[in-house]
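Listed below, chain by chain, are the residues.
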Amino acid sequence: MKNENLYNYILGIADNSLILGQRLGELTGHGPNLETDIACTNISLDLFGQVRSYFQYASKVAGDGRSEDDIAMLRKERDYKNVLLVEQPNTNFAYTIARQFLFDAYHLVFLRELQKSSDLTLAAIANKCIKEVSYHERFSSDWVRRLGGGTEESKSKMQEAIADLWVYTDELFHQTVADKAMVAEGIGVDVTKLKEEYYNYVAGVLEESTLEVPDIKFFQKGGKQGIHTEHLGYILAELQYMQRAYPNMEW
Amino acid sequence: MSTKNWPLWEIFVRSKNGLEHRHFGSLHAADADMALENARDVYTRRNEGVSIWVVESKHITASNPENNGELFEPAQDKVYRHPTFYDVPDEVKHM
Chain V
7 MKNENLYNYI LGIADNSLIL GQRLGELTGH GPNLETDIAC TNISLDLFGQ
57 VRSYFQYASK VAGDGRSEDD IAMLRKERDY KNVLLVEQPN TNFAYTIARQ
107 FLFDAYHLVF LRELQKSSDL TLAAIANKCI KEVSYHERFS SDWVRRLGGG
157 TEESKSKMQE AIADLWVYTD ELFHQTVADK AMVAEGIGVD VTKLKEEYYN
207 YVAGVLEEST LEVPDIKFFQ KGGKQGIHTE HLGYILAELQ YMQRAYPNME
257 W
Chain G
0 MSTKNWPLWE IFVRSKNGLE HRHFGSLHAA DADMALENAR DVYTRRNEGV
50 SIWVVESKHI TASNPENNGE LFEPAQDKVY RHPTFYDVPD EVKHM
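These protein sequence lines map, in sequence, to chains V and G. Just so it is clear: in the first sequence, position 21 is 27 by our numbering, and no numbers are missing. Just so it is clear: in the second sequence, position 27 is 26 by our numbering, and no numbers are missing.
Fair warning: there could be bad hints in the mix.
Unchecked claim - Using 25 Å as the maximum straight-line C-alpha spacing, the simulated SDA-like pairs for lysine to any residue come out as follows:
| no. | chain 1 | residue 1 | chain 2 | residue 2 |
| --- | --- | --- | --- | --- |
| 1 | G | K3 | V | T216 |
| 2 | V | K137 | G | K15 |
| 3 | V | K227 | V | E119 |
Claimed, not checked - Calculated Cβ distances over 10 Å to all of chain V for the following chain G residues:
| no. | residue |
| --- | --- |
| 4 | F11 |
| 5 | F23 |
| 6 | A61 |
Said to hold, decoys possible - Here are the in silico distance ranges between beta carbons for each label pair:
| no. | chain 1 | residue 1 | chain 2 | residue 2 | range |
| --- | --- | --- | --- | --- | --- |
| 7 | G | S50 | V | N96 | 30 to 36 Å |
| 8 | V | Q226 | G | S56 | 43 to 49 Å |
| 9 | V | A130 | G | P88 | 54 to 60 Å |
| 10 | G | G17 | V | K134 | 23 to 29 Å |
| 11 | V | A243 | G | D32 | 36 to 42 Å |
Calculated from the structure, these hints are not laboratory results. All residues carry an ideal CB built from backbone N, CA and C; glycine is no exception.
Given the sequences, and given the hints that come with them, work out the whole structure.
What follows is the structure, given as structure tokens:
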């Protein structure tokens, strides 16, 4: 492939939203109450909408006849480049919110920079997505504050979820080969430069929520290289079921 | 887990600038901020609105259906209260 780095770079962005969207979609009909259920599903749909723009572009860049659906649905586990954070399960509502908040805070600063990309398609997609993601971040940070400042039980659950998912945050700022190549060309975002702002912001919200910033020095990584936790296989089994069972099916 | 329900809120949405807010429905939320966010997700996700009002249902005083006779029936036979007994010139539009 001529533009392999660009292709991989696009997938790196898209897969995060795809897998997180699928995770949130699992809550359809299972949210803690009707209103929150709809809110999570709305965010899921926002993410799937964003993902379409990325995969359509990836399909064009690949230029090998694979459609957006083929790229989204028919890769093997090791070919997915999402960070480990987004594939973590909906253990309870605190985990769903912690995962969302830790990702949204990153997603927002990332898109802000991607808007400045010299690749006009990516800049335009970022420009369109950033309003949606601003709302996602508002929703999730709001809930972190509510649960953190709520009852003893909600606080301990929120703290536990943040502490458990914290080990997956550092990977957000790791650079892949494609990342480095795209940064050099002025297309990609240098994520290493976002790290300080991210952790400062997240620490601020946790402090307002009377939660502690976890003191963890060892982090998990691998998703960006296709080495995932055991959860991704199950997600893909569900995500890909229709395309695998009925190849080339159309709605 | 707490089994206490969140209070009920009434949701009013303005669908276009220039139109009035209309009652869209009700939902549960812990406070006004959450009611606004929930209303955004429940009632405006299909592009229905440009502005939302929320008010806690307990603040609405409603007329009692039992009093409907004395409240509303006397108006039923007073057609002359409608301004329909005038000849409107053809030049006057939008009446």
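Status of each hint after checking the structure:
1. For the hint linking G/K3 to V/T216, the alpha-carbon distance of about 24 Å falls within 25 Å, and the restraint holds.
2. Under the criterion of a C-alpha separation no larger than 25 Å, the hint pairing V/K137 with G/K15 is consistent with the structure, at around 20 Å.
3. About 23 Å separates the Cα atoms of V/K227 and V/E119, which keeps this hinted pair within 25 Å; it holds.
4. Distance check for G/F11 against chain V: the nearest CB is about 17 Å away, which clears 10 Å, and the non-interface claim stands.
5. Non-interface status of G/F23 relative to chain V is upheld: no Cβ of that chain comes within 10 Å, the nearest being about 14 Å off.
6. Once the 10 Å rule is applied to beta carbons, G/A61 is consistent with being away from chain V; the minimum gap is 23 Å.
7. Checking the proposed 30 to 36 Å range against G/S50 and V/N96 shows it holds: the Cβ atoms sit about 33 Å from each other.
8. At roughly 47 Å, the beta-carbon separation of V/Q226 and G/S56 lies within the given 43 to 49 Å, and the hint holds.
9. As the Cβ distance of V/A130 to G/P88 is approximately 55 Å, the hint placing it in 54 to 60 Å holds.
10. Remark: the range hint 23 to 29 Å for G/G17 to V/K134 is upheld by a beta-carbon distance near 27 Å.
11. Checking the proposed 36 to 42 Å range against V/A243 and G/D32 shows it holds: the Cβ atoms sit about 39 Å from each other.
Going through the hint list in order, the structure satisfies each hint without exception.
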